[in-house]
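S.K.: Please work from the sequences and hints to get the whole structure.
There are 2 protein chains.
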Amino acid sequence: MARLSRSQRPAGLGGISVILDCCEVYKNPFCRGSRPTLKGISIVISPSVATKTGVTAKRAFNFNAGPGALPLPVLERIREELLDWRGSGMSVMEMSHRSKEFEGIIADAEQRLRGLLGISEDYAVLFLQGGGSMQFTMAPMNLCLPGKPVDVLHTGMWTAKVIAELKKGIPHHIAASTEPEKFTRVPRTDEIKFSPEASYVHICSNNTIEGTQWHDMPHAGSAPLVADMSSDIASRAIDVNKFGVIYAGAQKNLGPSGTTIVIIRKHLAERADKNLPTLLQYRTHIKEKSLYHTPPTFAIYIVGLVLEWLESSGGIAAMEQRNNTKAKLLYDLLDEGKFYSGPVEKSSRSKMNVVFRVAGGDEAIEKEFAKQAEAAGLVGTPGHRSVGGMRVSLYNAVTLEAVEALTSFMREFQRTRG
Amino acid sequence: MARLSRSQRPAGLGGISVILDCCEVYKNPFCRGSRPTLKGISIVISPSVATKTGVTAKRAFNFNAGPGALPLPVLERIREELLDWRGSGMSVMEMSHRSKEFEGIIADAEQRLRGLLGISEDYAVLFLQGGGSMQFTMAPMNLCLPGKPVDVLHTGMWTAKVIAELKKGIPHHIAASTEPEKFTRVPRTDEIKFSPEASYVHICSNNTIEGTQWHDMPHAGSAPLVADMSSDIASRAIDVNKFGVIYAGAQKNLGPSGTTIVIIRKHLAERADKNLPTLLQYRTHIKEKSLYHTPPTFAIYIVGLVLEWLESSGGIAAMEQRNNTKAKLLYDLLDEGKFYSGPVEKSSRSKMNVVFRVAGGDEAIEKEFAKQAEAAGLVGTPGHRSVGGMRVSLYNAVTLEAVEALTSFMREFQRTRG
Numbered sequence: 000m001a002r003l004s005r006s007q008r009p010a011g012l013g014g015i016s017v018i019l020d021c022c023e024v025y026k027n028p029f030c031r032g033s034r035p036t037l038k039g040i041s042i043v044i045s046p047s048v049a050t051k052t053g054v055t056a057k058r059a060f061n062f063n064a065g066p067g068a069l070p071l072p073v074l075e076r077i078r079e080e081l082l083d084w085r086g087s088g089m090s091v092m093e094m095s096h097r098s099k100e101f102e103g104i105i106a107d108a109e110q111r112l113r114g115l116l117g118i119s120e121d122y123a124v125l126f127l128q129g130g131g132s133m134q135f136t137m138a139p140m141n142l143c144l145p146g147k148p149v150d151v152l153h154t155g156m157w158t159a160k161v162i163a164e165l166k167k168g169i170p171h172h173i174a175a176s177t178e179p180e181k182f183t184r185v186p187r188t189d190e191i192k193f194s195p196e197a198s199y200v201h202i203c204s205n206n207t208i209e210g211t212q213w214h215d216m217p218h219a220g221s222a223p224l225v226a227d228m229s230s231d232i233a234s235r236a237i238d239v240n241k242f243g244v245i246y247a248g249a250q251k252n253l254g255p256s257g258t259t260i261v262i263i264r265k266h267l268a269e270r271a272d273k274n275l276p277t278l279l280q281y282r283t284h285i286k287e288k289s290l291y292h293t294p295p296t297f298a299i300y301i302v303g304l305v306l307e308w309l310e311s312s313g314g315i316a317a318m319e320q321r322n323n324t325k326a327k328l329l330y331d332l333l334d335e336g337k338f339y340s341g342p343v344e345k346s347s348r349s350k351m352n353v354v355f356r357v358a359g360g361d362e363a364i365e366k367e368f369a370k371q372a373e374a375a376g377l378v379g380t381p382g383h384r385s386v387g388g389m390r391v392s393l394y395n396a397v398t399l400e401a402v403e404a405l406t407s408f409m410r411e412f413q414r415t416r417g
Numbered sequence: 000m001a002r003l004s005r006s007q008r009p010a011g012l013g014g015i016s017v018i019l020d021c022c023e024v025y026k027n028p029f030c031r032g033s034r035p036t037l038k039g040i041s042i043v044i045s046p047s048v049a050t051k052t053g054v055t056a057k058r059a060f061n062f063n064a065g066p067g068a069l070p071l072p073v074l075e076r077i078r079e080e081l082l083d084w085r086g087s088g089m090s091v092m093e094m095s096h097r098s099k100e101f102e103g104i105i106a107d108a109e110q111r112l113r114g115l116l117g118i119s120e121d122y123a124v125l126f127l128q129g130g131g132s133m134q135f136t137m138a139p140m141n142l143c144l145p146g147k148p149v150d151v152l153h154t155g156m157w158t159a160k161v162i163a164e165l166k167k168g169i170p171h172h173i174a175a176s177t178e179p180e181k182f183t184r185v186p187r188t189d190e191i192k193f194s195p196e197a198s199y200v201h202i203c204s205n206n207t208i209e210g211t212q213w214h215d216m217p218h219a220g221s222a223p224l225v226a227d228m229s230s231d232i233a234s235r236a237i238d239v240n241k242f243g244v245i246y247a248g249a250q251k252n253l254g255p256s257g258t259t260i261v262i263i264r265k266h267l268a269e270r271a272d273k274n275l276p277t278l279l280q281y282r283t284h285i286k287e288k289s290l291y292h293t294p295p296t297f298a299i300y301i302v303g304l305v306l307e308w309l310e311s312s313g314g315i316a317a318m319e320q321r322n323n324t325k326a327k328l329l330y331d332l333l334d335e336g337k338f339y340s341g342p343v344e345k346s347s348r349s350k351m352n353v354v355f356r357v358a359g360g361d362e363a364i365e366k367e368f369a370k371q372a373e374a375a376g377l378v379g380t381p382g383h384r385s386v387g388g389m390r391v392s393l394y395n396a397v398t399l400e401a402v403e404a405l406t407s408f409m410r411e412f413q414r415t416r417g
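So the protein lines, in turn, are chains A and B.
By numbering that gives the first Met the number 0, the letter at position 231 of the first sequence is numbered 230, and the numbering carries on one by one without gaps.
By numbering that gives the first Met the number 0, the letter at position 201 of the second sequence is numbered 200, and the numbering carries on one by one without gaps.
The calculated label-pair distances, taken between Cβ atoms and stated as ranges, are:
#1 B:360 to A:265: 37 to 47 Å
#2 A:55 to B:178: 52 to 62 Å
#3 B:287 to A:188: 32 to 42 Å
#4 B:270 to A:414: 53 to 63 Å
#5 B:240 to A:399: 48 to 58 Å
#6 B:270 to A:181: 32 to 42 Å
#7 A:110 to B:181: 32 to 42 Å
#8 A:162 to B:183: 48 to 58 Å
#9 A:97 to B:270: 27 to 37 Å
#10 A:314 to B:288: 32 to 42 Å
#11 B:386 to A:399: 49 to 59 Å
#12 B:183 to A:220: 52 to 62 Å
#13 A:159 to B:183: 51 to 61 Å
#14 A:266 to B:414: 53 to 63 Å
To be clear, the hints were calculated from the coordinates, so they are not data collected in a lab.
All C-beta atoms in this analysis are idealised placements derived from N, C-alpha and C, irrespective of residue type, glycine included.
M.R.: What follows is the structure, encoded as structure tokens:
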């Protein structure tokens with residue numbers, strides 16, 4: 000089935016073309032043996048997927064902030080292997096984490112991530128638990144040096160949580176904050192005042208709630224940069240060598256919730272007091288290759304599948320390009336007129352989480368927007384409960400088609416309600 | 000398809016009857032709509048499952064110590080709902096943890112566990128991360144009172160890990176230890192010397208590695224009993240009211256790895272210093288109903304399905320009876336002669352993990368045993384790497400048929416090698 004060019008697609012809310020043949024969309028051989036087939040031009044937005052197993056599944060366009068959309072071919076593969084992983088007679092969930100099968104699965108996931116992000120052997124790649132929030136505690140526990148504060152670049156609710164944990168007794172310094180601007184941008188270089196000698200510098204590369212993103216990473220000097228990349232890891236090219244630690248909950252760009260990727264320059268793990276709880280020391284997990292205790296095996300397996308899909312889709316560079324295209328579609332619409340408006344400064348706009356208001360922030364209309372969107376199969380448009388408004392997340396697994404369906408919906412909503 | 004009576008089944012290694020119609024075996028309506036069908040009397044032990052979706056899956060008999068076997072109808076249900084959970088258009092993995100759908104899923108899992116184990120409203124039921132190992136740190140962090148030691152009943156490698164964490168600065172007292180007996184039994188009541196005033200008493204209800212189990216819980220007086228039930232939760236009736244805290248990694252009897260069940264008497268959570276890391280305070284998770292941060296959503300969903308399956312299978316009492324029957328089959332075989340021998344004292348034998356030696360502990364023959372067993376579709380028979388020998392785990396999801404297949408294999412192995 001050939002992919003329709005944009006000009007071939009019927010316009011308007013009722014005529015979104017739904018293309019769910021992953022092999023067509025991603026031009027890759029990933030979903031071998033279980034290709035969902037194009038069901039034809041749908042008159043509703045919500046697509047259905049028919050597979051060779053005869054199961055038809057309704058699929059929403061998913062703009063959730065995380066956990067969020069997963070690539071359809073990954074879900075298909077999970078389903079295919081669920082009762083019997085590659086002839087083992089077991090689901091991956093049923094395997095011993097010390098079996099050669101699972102050791103292969105976790106090593107494979109690590110190698111794929113190393114290849115995609117260009118991670119050298121100076122770094123360990125760990126699969127932990129507890130999400131970014133656990134790292135807010137583990138990072139200072141492991142990395143603080145006596146008399147040297149933690150520098151924080153304060154850009155929103157997630158860095159506020161980091162600061163709240165540091166306030167429990169760890170010297171720290173706010174090196175920059177855009178709180179006076181209500182976090183509608185990230186700090187400019189000339190606003191950042193690093194400590195002379197910091198233990199490390201904390202940065203949140205993408206602020207899920209505020210819809211901002213660092214497009215140029217600051218130079219922290221000799222202090223290691225510790226980045227919470229939970230919501231934009233693997234969405235764009237980065238130079239890992241500029242960081243001391245990168246961590247990310249998997250549930251936005253890399254897989255399901257339940258595992259946390261930690262990429263750490265190995266020697267930094269040696270800073271930690273050996274009297275810390277064993278499970279909270281990075282060195283434990285480096286030494287045991289994330290198998291000190293039972294890891295979240297199924298989540299790690301899925302991360303491996305997502306990374307395989309990423310490779311087959313052209314790698315990080317191709318993904319970044321697609322993410323730029325997707326974000327541009329939405330930001331162009333915000334810039335068109337006054338019905339939709341984005342509060343974020345253009346230079347700090349996030350490619351992952353687009354926040355906007357409808358009709359000048361009229362809450363009744365925004366509620367109606369979310370309701371109608373959901374009815375049209377567009378899930379997850381309301382903003383974070385703490386800030387209101389709308390937010391759509393454009394993680395790697397969100398297709399261009401989904402964003403086109405959304406912008407069509409938005410135009411139609413504006414036409415009837417604007 | 001009627002279930003074969005034992006007398007109808009062909010005897011010997013080559014003639015194990017494989018019954019995989021879950022609705023027949025469990026006499027329950029759980030696996031609605033996707034019943035695997037009996038493929039006939041197989042001449043190999045490894046069964047295949049054919050489903051209405053046309054997918055045939057090889058299924059091993061799985062004796063892994065954890066992660067271990069999951070109920071086949073649960074895996075079938077996961078597969079059925081993988082792309083579209085009950086019309087939502089999303090996999091459970093893709094849902095926001097703050098959506099009404101997921102809030103329903105986690106509340107449902109909690110209610111089922113409360114019902115099955117008889118957990119009153121005095122207790123909170125939490126779904127955390129980090130496994131039992133994280134609890135070895137969280138329990139003392141939260142529950143220690145000034146000047147009052149933690150009493151430990153030392154019964155093997157898992158309690159040794161608890162002691163190792165306590166040694167990092169928390170006053171503690173070994174109230175009993177069977178280390179001199181190489182942990183081949185749990186302590187007798189008259190051997191236990193509790194502290195006059197303990198912060199709490201730690202017990203490991205079932206020792207996975209050593210193959211021992213507490214069949215009568217000790218009376219700890221006024222000190223709360225904190226039980227690591229990772230490997231026997233929901234396998235037998237217990238009186239929750241006798242415990243201050245019960246915790247268990249899900250990956251043995253309740254689901255996949257990646258979530259940890261904590262059942263805690265609510266007032267105990269108030270002992271903790273509010274300056275502890277937020278994520279490591281029980282009170283945080285009680286207050287936020289396990290949604291303080293993104294929980295391992297998919298693992299929790301599966302725990303809910305396993306609990307539903309447990310209910311449909313007759314609840315804890317029926318499961319305990321089946322577990323007794325399964326364990327008796329194996330222990331009776333160990334007691335028959337000298338080729339197989341169990342090191343554990345009869346009164347402390349675990350119903351979950353049966354450890355034994357083959358041919359007096361001849362390592363070459365034991366290696367051969369494991370190899371031939373695996374070739375016959377019996378996975379996971381080698382003992383823990385620290386103690387050697389053999390170990391078979393008989394968690395709830397291990398069927399009577401699997402144990403019968405194993406004992407048939409063992410008799411045949413003894414006939415040829417004994």
